[in-house]
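J.: Protein chains in written order, with the numbering used here: chain R, 205 to 550; chain Y, 205 to 550; chain U, 205 to 550; chain H, 205 to 550.
It cannot be assumed that every hint is accurate.
As the list makes no split between identical chains, a pair holds if one copy fits it or if it spans any two.
[Unchecked claim] Here are the simulated lysine-lysine pairs, BS3-like style, with alpha carbons at most 30 Å apart:
#, residue 1, residue 2
1, K455, K290
2, K482, K464
3, K482, K248
4, K472, K239
5, K393, K465
6, K464, K330
7, K469, K248
8, K464, K290
9, K316, K455
10, K545, K482
11, K482, K234
12, K316, K248
13, K455, K393
14, K393, K239
15, K321, K482
16, K432, K368
17, K472, K248
18, K455, K368
19, K248, K465
20, K296, K393
21, K268, K207
22, K465, K330
23, K239, K482
24, K207, K469
25, K455, K429
Simulated from the structure, these hints should not be mistaken for lab results.
There are 4 protein chains.
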Amino acid sequence: MIKAGVIGATGYAGEELVRILYSHPMVEIKYLGTKSYEGERFSKVYGNFFNIIDEECILEDLDKFAEDVDVIFTATPQGFLGSHLKEEMLSKVKIIDLSADYRIKDVDVYEKWYGIKHESPELIKKAVYGLSEINREDIRNTKLLANPGCYTTCSILTLYPIVKEGLIDINSIVIDAKSGTSGAGRGLKTANLFCEVNESIKPYGVGTHRHTPEIEEQLSFASGKEVKLIFTPNLIPMYRGILATCYGKVKDGVDENQIKKAYEKYYKDEHFIRLLDKGVYPETRWVKDSNYVDIGFKLDERTGNLVMIGAIDNLVKGAAGQAVQNMNIMFDFPETMGIDKVPNIL
Amino acid sequence: MIKAGVIGATGYAGEELVRILYSHPMVEIKYLGTKSYEGERFSKVYGNFFNIIDEECILEDLDKFAEDVDVIFTATPQGFLGSHLKEEMLSKVKIIDLSADYRIKDVDVYEKWYGIKHESPELIKKAVYGLSEINREDIRNTKLLANPGCYTTCSILTLYPIVKEGLIDINSIVIDAKSGTSGAGRGLKTANLFCEVNESIKPYGVGTHRHTPEIEEQLSFASGKEVKLIFTPNLIPMYRGILATCYGKVKDGVDENQIKKAYEKYYKDEHFIRLLDKGVYPETRWVKDSNYVDIGFKLDERTGNLVMIGAIDNLVKGAAGQAVQNMNIMFDFPETMGIDKVPNIL
Amino acid sequence: MIKAGVIGATGYAGEELVRILYSHPMVEIKYLGTKSYEGERFSKVYGNFFNIIDEECILEDLDKFAEDVDVIFTATPQGFLGSHLKEEMLSKVKIIDLSADYRIKDVDVYEKWYGIKHESPELIKKAVYGLSEINREDIRNTKLLANPGCYTTCSILTLYPIVKEGLIDINSIVIDAKSGTSGAGRGLKTANLFCEVNESIKPYGVGTHRHTPEIEEQLSFASGKEVKLIFTPNLIPMYRGILATCYGKVKDGVDENQIKKAYEKYYKDEHFIRLLDKGVYPETRWVKDSNYVDIGFKLDERTGNLVMIGAIDNLVKGAAGQAVQNMNIMFDFPETMGIDKVPNIL
Amino acid sequence: MIKAGVIGATGYAGEELVRILYSHPMVEIKYLGTKSYEGERFSKVYGNFFNIIDEECILEDLDKFAEDVDVIFTATPQGFLGSHLKEEMLSKVKIIDLSADYRIKDVDVYEKWYGIKHESPELIKKAVYGLSEINREDIRNTKLLANPGCYTTCSILTLYPIVKEGLIDINSIVIDAKSGTSGAGRGLKTANLFCEVNESIKPYGVGTHRHTPEIEEQLSFASGKEVKLIFTPNLIPMYRGILATCYGKVKDGVDENQIKKAYEKYYKDEHFIRLLDKGVYPETRWVKDSNYVDIGFKLDERTGNLVMIGAIDNLVKGAAGQAVQNMNIMFDFPETMGIDKVPNIL
């Protein structure tokens, strides 16, 4: 049994994390840290926890948490962990950061895309990028885990085997991604009101979204060459779910079988990755409330395009679920413990 | 470990049941019975089960199931179990019926409101009405369990302590209930298309809905007097959830404290019933995906009205969850086993 | 051709008003007043107006507007007009107030339910309550029109003929109303975020909602006796629409025909009120985007309850549409001018 | 004043058409033709028309309609008009076909993608492809108008100036389109039920959707070269709206200004096409319920991609609205007559 502290427990990713950890057989939640709801009962902030977690939220305090728990999850805005983390903390506690602070290895790229100065660049190299299925061995041994973004988890996992095996032209990649609104968080913005989101779809951050360099860096590692791509996120009127539709031109002579084989090579034993049958494409409802990643593809021989489609639940595999999967790996628990739920279509 | 068979596994309540049973530590699902999808893989009918339950659905066959399993769930249209059940089956298998066939003790009332002839009226008296919190002891000993309806579970539990304690005028009860669309099932009707349900609310079956006599009969048992009431269901554009808003005129001299006490008397030790704080009213999202029942009330002294509001998830406490709660009681498993989930607001 | 100024043009009711007025053949919109978006192009605040109304919003200024236009619409929070209106303005301009400031004749009742001091109580008697179908003649001659609330328009019109004709027990009235989320306005509140509203229904202000005394006062005028009733509003996950389900005990001997006759007596020549056929109940989609009021009823002889159900579009008949209907009456334009749209189900 | 007959009036596109035509100052609707609702009052099929159009629907009969009306709209499944139209009808009546039967000039392509034999291939050359802004002059003189598809209208208009001016590599085009559910029609399919569509996004017909060859053929005409592209449609949980996100590699040296100029060259005087400001991208709510097309673009110099994004209302500009726009052109009415509505965000 380990003790956990959650910083940013009152956001949507935080709530999801608390919900998963509450039912995890090896975890006791010790602290619920918040910036906006200090002193409020957690069940007042989230009525679903009434009679379940009635403890008060406390002010987020990295130092204090580091003394008293075995693992800290930071579900905080960018810059929080980067400016609060000190190296010595890592001798006391393991940290799983759901923000972007330690995801990107090239600090210049981070500072350029995020528009903030990184306060602890020397710690970036200590961090492991927590895409569980790809970096499992490094995750096992790290104290500082950079949990991947939602769009990035979905996009990278969908493209990884194809890029790694060199089956598409690396300069032709287009990612058109669609996300439910929980990804926008619980902050107060007019754009997130029900009457603004409902019955509409909108693209945003076209070519400038911060998940772009994260995807590019990881795919460059896979490819061995520099990958640059265009990434367009869209907001759609639903709670949860991300669909990443990835396009690339196949190299001459590549056939359907090779593509299938590439996916199987990397994923056939992965519990949380499901390679769909030919002609079946992912729908977000099929992975809703679960840690699964569904992947399907279409080789369009008519035009030479390979369409690779992935779906995840942005709050689970795209945030809290993968964070717990990584925690399981880091603490040597069974990897699926506490997150092995059947998806919930309704 | 017991073996279970589900008849009607391919409807929405059936799917929910399969999902709960799949994760239940004491149950093995042996048969998935269907009328419409015979020979189809279950994961083809519900893509969320891909790689999880890839077995084929088989034709629903009560006799065969009765030979091979310990418990049969029938999530079927009205009339199925009534016309297929024979008394001798009950010596071999326990049956939990999610249809209305054995819920109403007065067969004339059943036949009048449902417009079908009951084919096995002699078995009605063998059935126990499975409102777990109210009839727990009888449930423990029955072989034939009539699992309550969704609207009825919510309405009866919300009204029960108040009616039982005689705090309102029994002739003044009004129930205005609102339900998500999964309650309408997966059948093909124009009225259930996305474009017909979305962005609208509609009342239906005003004063004639079949759940009316079920509520009346149970409340009459509680009251000791005949209860007649007006019940108006409404369909709203969401998946899951029922809110039952119940109105009654309080008897002279009844105060807020007495009402609070009445609820506590019956429910204070009930795990799945949460009595909300004063001034807090149920919202369906706070019980979503869970077996909880949230209850709040307002005594309006200005007009003498007591407003009692209850919320459940129609597919869980209103169908599959309560069915499993009843199974747990009938097989002497811990009552919350497999259904003790934190509600999921997103 | 008249000139109009809209104060509060950047809220949802304001936007609807601007949209209707823009297409009204007899109106030129001169000023778009705002509190929050001064100096912003209107088409920046509402992208649908791009290339249509690109004028800047200006600070709301009642005095200035009164000099330059023929009619001012105030779609503002409670208290704005009450504290800014001076009697002499009414000699220069007609005012249609979409707030509650002049709706309630009894200033004590206003101050108690709204919790604010009325700054110009002497003007209340100059105001006409603008329920177009009921007070048409008084509306024609007023300079100060108090445009009814959304819930109140729907509730009063649904109950009016029955109460006026004395067909139900005045002490038995229950109103259970459901509203789309645009009624909550465009203000920034966590409760109005997409992820909070979606997939849930919640009651609020049970027995304390401010529309209660407005309904009671008008029905008391109709009845000749003091009416007190319980009113429960609910928020549902859709944009537009209000359904008001009204319950009352019919007096002895009242039959269906009398009820039908009562509705026909008051409404049979009303263009915007549609009395549905027997057995048909209103659905909000059937009045969406229109100024229609649909009314249906069910006399439940089994219990003596009369269920009266009305539906409107909260932003049209419940706000901007009725405001324009009243403007048409006040300026002697054809009453349906600019608002005679077929409802839009999709 | 002209007389119109609508065949397929009881589908969603048909209903939209009837609603627009009902308010059109120069049109009288003479016949409402249906396959499924013969003899039913139109207001029974669509309750919004209660007290507005209570006439009965009649069996669809092209010959009879051709005798009695000036224009026939066919909002029917593919194959209906192709198998019923005879050349002599075109001397009596103008026909606007909302199906695909006469859209594609190359009959082999039609037969291959639609999988049906074309029964009147000789009439294809008589038809004009009714993309109003592109083919206005030909539309003016035709008797047989092939109204474009919804995805195609949005995709072609978004790409046309760029392809016509040769600014992108013709072999690099990717279209990722998203549509509301009304595009799927009112037919009874499990996949269109509320509980299947809500809270999910799904791609379908990846690389095989029938709108692909229609887009390719029109862009090939524009380009002068054969265009082949990959087209992926997605279904999202909303009523109305299509967003087409189009990607292409810009040719060397092409800059933002050239792209802007290209759009302005073709569209700057087009009433229904709005070229958004730099950095603003279309959202479907901004064109909802209107005939507008909003277009925005992003030149991503980092990767050489041009992202061109268009939004329409699938039922208006994507079906009924453009059909009426074409009717206006064909009958020499003002082109915007009856369809010049401000978009409705709520």
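J.: For each hint, tell me whether it holds in the structure or not.
T.: Hints versus structure:
1. In this assembly of identical chains, the alpha carbons of K455 and K290 never lie at most 30 Å apart, being 46 Å within a copy and 49 Å across copies at closest.
2. For the identical chains of this complex, K482 and K464 are intra-copy neighbours only, at 9 Å inside a copy versus 41 Å across copies, given an alpha-carbon limit of 30 Å.
3. In this homomeric assembly, K482 and K248 come within 30 Å of each other (Cα to Cα) only across copies, at 13 Å, whereas the closest approach inside a single copy is 47 Å.
4. Proximity of K472 to K239 under the C-alpha cut-off of 30 Å is found in neither arrangement, the shortest distances being 42 Å within a copy and 34 Å between copies.
5. When the C-alpha separation of K393 and K465 is checked against a cutoff of 30 Å, the pair qualifies neither within a copy, at 45 Å, nor between copies, at 35 Å.
6. When the C-alpha separation of K464 and K330 is checked against a cutoff of 30 Å, the pair qualifies neither within a copy, at 35 Å, nor between copies, at 46 Å.
7. For the identical chains of this complex, K469 and K248 are inter-copy neighbours only, at 25 Å across copies versus 47 Å inside a copy, given an alpha-carbon limit of 30 Å.
8. Proximity of K464 and K290 under a CA criterion of 30 Å is satisfied in neither setting, with 45 Å inside one chain copy and 50 Å between copies.
9. In this assembly of identical chains, the alpha carbons of K316 and K455 lie at most 30 Å apart only when taken from different copies (27 Å versus 33 Å within one copy).
10. Within a single copy, K545 and K482 get their C-alpha atoms as close as 25 Å, which meets the 30 Å cut-off; across copies the closest is 35 Å, which misses it.
11. In this homomeric assembly, K482 and K234 come within 30 Å of each other (Cα to Cα) only across copies, at 29 Å, whereas the closest approach inside a single copy is 46 Å.
12. Taking the shortest Cα distances, K316 and K248 sit within 30 Å of each other only across copies (28 Å), while inside one copy they are farther apart (39 Å).
13. In this assembly of identical chains, the alpha carbons of K455 and K393 never lie at most 30 Å apart, being 44 Å within a copy and 39 Å across copies at closest.
14. In this homomeric assembly, K393 and K239 come within 30 Å of each other (Cα to Cα) both inside a single copy, at 17 Å, and across copies, at 17 Å.
15. In this assembly of identical chains, the alpha carbons of K321 and K482 lie at most 30 Å apart only when taken from different copies (28 Å versus 46 Å within one copy).
16. Taking the shortest Cα distances, K432 and K368 sit within 30 Å of each other both inside one copy (15 Å) and across copies (28 Å).
17. Taking the shortest alpha-carbon separations for K472 and K248, only the inter-copy value of 20 Å comes in at or below 30 Å, while the best intra-copy value is 43 Å.
18. In this homomeric assembly, K455 and K368 come within 30 Å of each other (Cα to Cα) both inside a single copy, at 13 Å, and across copies, at 28 Å.
19. In the homo-oligomer, the alpha carbons of K248 and K465 lie at most 30 Å apart only across protomers (23 Å), although the nearest pairing inside one protomer, at 50 Å, exceeds that limit.
20. Neither within a single protomer nor between protomers do K296 and K393 lie at most 30 Å apart by alpha-carbon distance, with minima of 38 Å and 39 Å respectively.
21. Taking CA atoms no more than 30 Å apart as the test, K268 paired with K207 passes inside one copy only; the shortest distance there is 13 Å, against 50 Å between copies.
22. Proximity of K465 to K330 under the C-alpha cut-off of 30 Å is found in neither arrangement, the shortest distances being 34 Å within a copy and 50 Å between copies.
23. Taking CA atoms no more than 30 Å apart as the test, K239 paired with K482 passes between copies only; the shortest distance there is 27 Å, against 47 Å inside one copy.
24. When the C-alpha separation of K207 and K469 is checked against a cutoff of 30 Å, the pair qualifies neither within a copy, at 37 Å, nor between copies, at 37 Å.
25. Taking identical chains as interchangeable, the C-alpha atoms of K455 and K429 lie at most 30 Å apart whether they share a chain (16 Å) or sit on different chains (23 Å).
Of the numbered hints given earlier, the model fails hints 1, 4, 5, 6, 8, 13, 20, 22, 24; all others are met.
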